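Here the protein sequences come in this chain order: A and B. Residues 1 to 331 (UniProt numbering) are what the first sequence spells out, left to right. Residues 1 to 110 (UniProt numbering) are what the second sequence spells out, left to right.
These aren't lab readings, by the way, just hints derived from the structure by calculation. Just so we're clear, the structure is a prediction, and the values are computed from it rather than from any experiment. Where is the CB? At the ideal position from N, CA and C, for every residue including glycine. The reader is advised that the hints may include incorrect statements.
Some chain B residues close to chain A (C-beta under 7 Å, calculated; not the full set) [claimed, not checked]:
#, residue
1, Y22
2, R50
3, I51
4, A89
5, D93
DSSO-like, lysine-lysine: derived pairs with alpha carbons at most 30 Å apart [said to hold, decoys possible]:
#, chain 1, residue 1, chain 2, residue 2
6, A, K62, B, K64
7, A, K129, B, K39
8, A, K126, B, K64
9, A, K166, B, K39
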Amino acid sequence: MAVVRKNILTDATARDDYVRGVGLLKREPSGHTTAELGIPGPTNPVSTYDLFVVWHIRAMMKPVPPSGDHRVRNAAHRGPIFLPWHRVMLAALEANLQRVLQKPQFALPYWDWAADGELGAPAGAKIWKDTYMGGQGDPVADGPFRYDPADPDTFTIRLRSDSNGKILQTERGLRRIFGQGPPIGSPTMPTSTEQKEALAFDPGTADPVDRYDSSPFHVSSEGFRSRLEGFAPRNNKPHLHNQVHMWVGGDMGPAHSPNDPVFFLHHCNVDRIWEGWMDRYGRLYAPDMSFPAAVYEGHRIDDPIVSPLGPSATPRKVMDMSTLYVYDVKP
Amino acid sequence: MDRAIEPTELTAAAAPERLGEYLAGLAPPHTHHDHGPAKTVRTTEFEGHRIVVTTTYEVTVDGKPLNVQLHVDDDGTLSCHGLPSYQFASALDSIRALIANFPEDFEGGE
Ligand SMILES: [Cu+2]
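For reference, chain B alone in the conformation it holds in the complex:
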């Protein structure tokens, strides 16, 4: 059980043939972002009460709806799946960061 990875095992698994085959089998995710704005549901208990907070963000950029995977953590911090290393205090900031980091997806502007 504690046995470490064998070098031969690693080499075999890392071979392009095998790695590519594995990746082909990693089913592309079901894209719930194709079905309208992403929702976050936060729940907690407080003094014997059950709290449910549901958040959705409807965003447009230049009048066009942006299907963006904004997520709200329990402490209110926002993250956006396209930028895995980022977290935001503001939804506006998250969209600013997307526009700046995905220039191909936001043509026009200045």
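The shape of chain A in the complex, shown without the other chains:
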């Protein structure tokens, strides 16, 4: 039975389960150590939650194709694979949450950030209240992920990425600094209007698949994907997904952004918007396999996504997830 992903603001059970589940995964030893994962410094156990931080950083540093440049396109960002890769990551976290909560019907909730963007004062939004995700701070001092050095079970950041994407060990509280101005962050959040514009984007070509993404399938190539990822249109402003990372700031900026549990609520919403797009235009994806591997491998429809599922997870195989989950409402 597919689970139903709901808005965190309208489903207190999903919210409480999510908070509790994150706490459980943070405390669960994954059975792997920093040494095994190639992380420098003393050998320490790595929690199951923190494996997702490592996965995100490693995927980002992985060039696709293997001979390519990870700064151009990588296994998780800056190209068409952005949506499928994060979809698999989210589903894997959801499976772990169901396991530790012993609740197979648990569904990851989403954060409808465009609704907050419409308010004009997003720092005061409900999602940042003490009973939800807590607010901003260095470290965050309220909510379920506040830092209390006297409490051995307090929410602690143990792995971080440096300015070059290298994984380092640390021990500190979660950091959020809302609405900083450019170039440090973004003073505004995306609005519903911009979300609608991305969904409606029409390249005006004959092939409907061009709506998703188009040649040269890079960071800002024309399409819905580059708009939702937030690199297009290029006008010296961030958009949608990127803008949310930049507005929240603190640990949501670097490659280690899954350290903030709001990351998964944010990406669940990104995934929901993608689902809304497919409702409109069909389960379409580009590039297909006619594009040369030498340039596009890792972003094509039947290429394996960088995940432990190997060839079982390709963009084609994750376009329809309705056996696993559905959304209550789609944009």
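Using the hints provided, position chain B with the ligand relative to the given structure of chain A.
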């Protein structure tokens, strides 16, 4: 081929044991940033001519060289790998953003 992911397949792959094993095998990237400033080469054809533009940024902060992975897209937009959601019109802005977002890596200052 079109078959979606099976729930059992997902659960098995997502198990911490298996996920961790997979991540241990994801080779840490070859760190070309350890060998001096990162280079971007942009090429294009124009009116039958072949253009190659090579860019490197040499950055110091407080006199210390900063090995930073600045990348220039074809339209001149800069990105920096440490901040995946960001893009910059100016290299100075990109370093300002790094200093503000990686306080542990830039001690001192005010
Ligand atoms: Cu990401």
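Hints and how they fare:
1. For the restraint placing Y22 (chain B) at the interface with chain A, the shortest Cβ-Cβ distance is roughly 4 Å, inside the 7 Å limit, so the hint holds.
2. Restraint check, R50 (chain B) versus chain A: the minimum CB separation of about 18 Å is more than 7 Å; hint violated.
3. Look at I51 (chain B): its Cβ only gets to about 16 Å from chain A, farther than 7 Å, so that hint breaks.
4. Given hint, A89 (chain B) at the interface with chain A, holds; its Cβ is 5 Å from that chain's nearest Cβ, closer than 7 Å.
5. Evaluation of the D93 (chain B) hint against chain A yields a held restraint, the C-beta minimum of about 4 Å falling below 7 Å.
6. Annotation: proposed proximity of K62 (chain A) to K64 (chain B) holds, straight-line Cα distance about 28 Å (limit 30 Å).
7. In summary, the hint linking K129 (chain A) to K39 (chain B) is not supported, as the alpha carbons are separated by about 45 Å, beyond the 30 Å threshold.
8. For the hint linking K126 (chain A) to K64 (chain B), the alpha-carbon distance of about 43 Å lies beyond 30 Å, and the restraint is violated.
9. Distance hint between K166 (chain A) and K39 (chain B) is fulfilled; the C-alpha atoms sit about 18 Å from each other, no more than 30 Å.
Consistency with the previously given hints fails for numbers 2, 3, 7 and 8, ordered from lowest to highest.
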